[in-house]
Amino acid sequence: MSKVSIKKEHYNWPITILLIIGILSFIVLPLYMALMIAIKDPTDMNHILALPKVLRLHNFTDAWKMTEYPRKFFNTAFITIVNLFFTLITNSFVAFAITRNRKKSKFFRFMYYYFISAMFIPFSVIMLPLVVQANTFHLDNIIGITFLYVVFGLPMNTFLYCGAIKSIPEALDEAAKIDGAKPLQIFSYVIFPILKPTTATVAILSFMWTWNDFTMPLVLLSDSKQQTLQLAQYVFKSQFSVNYNLAFASYLLVLLPVLIVYIFCQKWIMNGVVAGAIK
Amino acid sequence: MKRIKKRKQAVDPIYYVIVSLMAVLFFAFHTLSFIKGIFYSFTNWKGYGNWSFVGLRNYIHIFADIDTIGAYLFTFRFAIITTILVNVISLLLACALNAKIKFKNTLKAFYFLPYMLGILIVGFIFNYIFANLVPAFGKAFGIQALSTNILGTNYAIWGIIIVTVWSSCAFNTLIYTAGLQSIDTDVYEAADLDGASGWKRFKYITFPLLAPSFTINMVLSAKGYLMVYDQIMAMTDGGPGTSTTSIAVLIYKKGFGGGQFAYQSANAVVLFVIVVAISLLQLRILEKREERLG
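Keeping their order, the protein sequence lines are chains A and B.
In this text, residue positions in the first sequence follow this note's numbering: the first is 1, and each later residue adds one.
In this text, residue positions in the second sequence follow this note's numbering: the first is 1, and each later residue adds one.
Chain B extracted, bound-state conformation (with noise of 0.2 angstroms):
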């Protein structure tokens, strides 16, 4: 008995030896640089030359430098909105898909060919959209709202959601409809039978059901609007002035350029210590939720 489980216990070394090699090199890259970001963030280091300690000094600097509580209220705007926008949009996509339509198929891979399309030259697109195909728009039906550049106003943001929510809703949408699809036909047989349709149907039945795949989608969601980047560097670089400066922009533009390499190392780590709480917070919400619908 005791032979035995000893030579199942036994691990073969091919194991040992591979699973270390990537993990040494997974921390030489990743973690360690993770680590080092963290060492960066306690000294004035500016990316070259001499450095010193300088205590909690860069952590006491984010919350009294504007432009940093700027581009976290301009984050956390764009996330709420953007998370909200995408679901609400996505799910009444899903739902459209999901019924009884013709050319099935075809019209789900029209809607989710924006996910393959780089959100870098999207934002170009839109671009010229916003400068010239909507102002043209405006003025020959005599809107002023439409007449400018909505990037150079103070709605610029709502340029950046538009972007986001026309690339990401692919993604989202096709989780929904995937949930939806999981659902048992004869849920909706026995509430035809107790006469729930149309909204009630889905807010009792629908909504709850797919509860696991809207627990995904909230929580991809946020995690990537908090870094949200490219389409900020295709659109509007940041401005008019630093209106729409998110976290990442700021972090990639001042670290390399401004000489804030420290300093920024120390928003960071606040980035990622705010990324996490949010995820781990959503997760705890949300699936205590998925259980008391299960």
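So that you can see chain A by itself, here it is in the shape it has in the complex (with noise of 0.2 angstroms):
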């Protein structure tokens, strides 16, 4: 079919058919179940699916006492957000100095190479010696893991920045070392402001990151007081099992903020992945 004889409003509905088939069947599905049970009560699970004959908000109100969601949301949110902050300063300087001197010294040359090549280490590779050193550094709580989560970002984000950094002409710099500027505030003022939407990658994928990851919290933080969200429904398993209906209000407790967050931000979310993904 040649593009001229199609007018603007003619759809392809089978295919936009299928795929709503498709979001109901696979996404909003499993989704649904998950709600149905989270509002019923352990007496009314005969059918599954159906709604609930009773509405039984009380599972979510029980769940957060059990699981002291306060406070596990107060740590993970503070893992999440200092994370953040730390990450976008100090990470993107490194690739700002890395980028801008590594044509003059061979220092600067090493240190990117050094950081990407660090890429290829995957985190269960280290994850026994990182134990026994993060004991002896007492890093086994919350600030130590934020701390652990902007070093070994590192690459990734250096790798992110400096692909932004090496296309933005260096005569700004230029223009306003003239000017008389520090590289520290060359870099706030002039560089920084242009990288914003490296900084949306970066800030995206962090966040994802710190909030769902499961695998550090898990070999890092043994104290209950210092347990994450996904941490804390791996501990809560074994209790869950025998009610259903309180896991999963639970479980929802704990996807709710990032639906949330999904839904204010889609849009620049998406971009941001797909940005990231590319460079």
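Derived from the structure by calculation, the hints contain no laboratory data.
Note that the Cβ used here is the ideal one computed from N, Cα and C, for glycine as well.
Treat the hints with care, since some could be wrong.
Stated by the list, open to error - A partial selection of chain A residues facing chain B, derived with a Cβ cut-off under 7 angstroms: (1) 43; (2) 125; (3) 215.
The two chains are supplied separately, each in an independent frame; assemble them into the complex guided by the hints.
In structure tokens, the structure reads:
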């Protein structure tokens, strides 16, 4: 079919309908089921997908209390936000320093390859020795794990930022330099503002990583007061298995913050993730 | 001339200070862990107490240990099947989402939603689906194969594959859609004139032009699935028996709880070598393919 004959209002309805059926059966159905279980009474489970006979919101308050939701939420939010703050300011400057001085100094060239090659080391490879080391340095708490996230994100974020900084003409730095600006000033007033799209990408990827991470909290955070939301779901697994309604209420409480963020920033998130992967 | 060149070479000390500081921290907590892991792999350390060097004993042991070989076989099988399934489904979805459809952005947003949800909880939700919803469905319609919990059978690997496909298609689809959007519509018009349409058009035009997205997805998928961990911890805990124990799960379980700290460190080193080798091999092959097509 040639493009001319297609009018603008002419949609491909068969594909649209297939896609909608796909969404309903594969994406909405599991989440709908989770919601139904979460608002039902344990005695009302004969028809899993049916609406509840009596709406039971008590599951949510019970799960809230049982898993100490506020504390776990605070821990997770603390890790996520503090990591985000330090990641964005330190990793971007490191990338700036490396990109701008790579041609002038062997040191920075070496640093570039050093950080990039570390991307090939998966977490499970360093997991065992890391735990021993973290215990020696008393990093088995939320502050320690936040510190580790900032450090471990460096390879990926440097890579992303370096790609973006390379495309910013050096003449901009030179102009600011002539005006007497110091490197930190050049960076914060000239370069960092231009890097906004990359900063968005790094921010989203860091947020998703720390909020949904399960492995690192599992091996590092043994004290129940230090647990994150994800880890708490795992720790309560055996207690939950006797009461699915409570379990699903708890899962939804963990998914909710992410869903809210997604509803408001989905376009921004999708663009950011694409930009991060294509570099 | 010389003086100008010299001035240009000067690097402000602040750059050295900050980069060195981060490099030292990175070395101390990331690289040093890695080096220590290699070191432990040549010892018989249990994670505490005395130790001595044992040479290559841990490495030799890997090739004679049924548990470890089983974990490698499971992980490879899982990674290969999942990589293929995820990329086929994502490619189909991306093509469909790129067609002239109504509610395009809303539909895209729904298909990307699973990316946002941590796979641990997704695993818990599917646990329930496999344990209760699917068997109820199987019994109601008299389908014997569906009437038991798949996670308790020899087919448990498929339960984990389904969950992984569910949660990773989002990312791969997004990358393919972005790739499709970057294809100039002129190319299609030219193809129309030459009479290429449908499958032919996809095979000779769309797919070759998607080469960069394909490379990204294949490399990231393979690397990610070789590390499979969260969903197994959420769903089968490596069982039934040890049939769904991946290498990452084995390292965690036996390294911390099984008194095999040094042996699992050797296992981790082997895993590292395999992941790097596969990633480099893929990049090589796929980039050559890109060049050939480009």
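Quick rundown of the hints versus the structure:
1. 43: violated (15 angstroms)
2. 125: holds (4 angstroms)
3. 215: Since chain B brings a Cβ to about 6 angstroms from residue 215(A), closer than 7 angstroms, the hint holds.
This entry does not satisfy hint 1, going by the numbered hints stated previously; all others are met.
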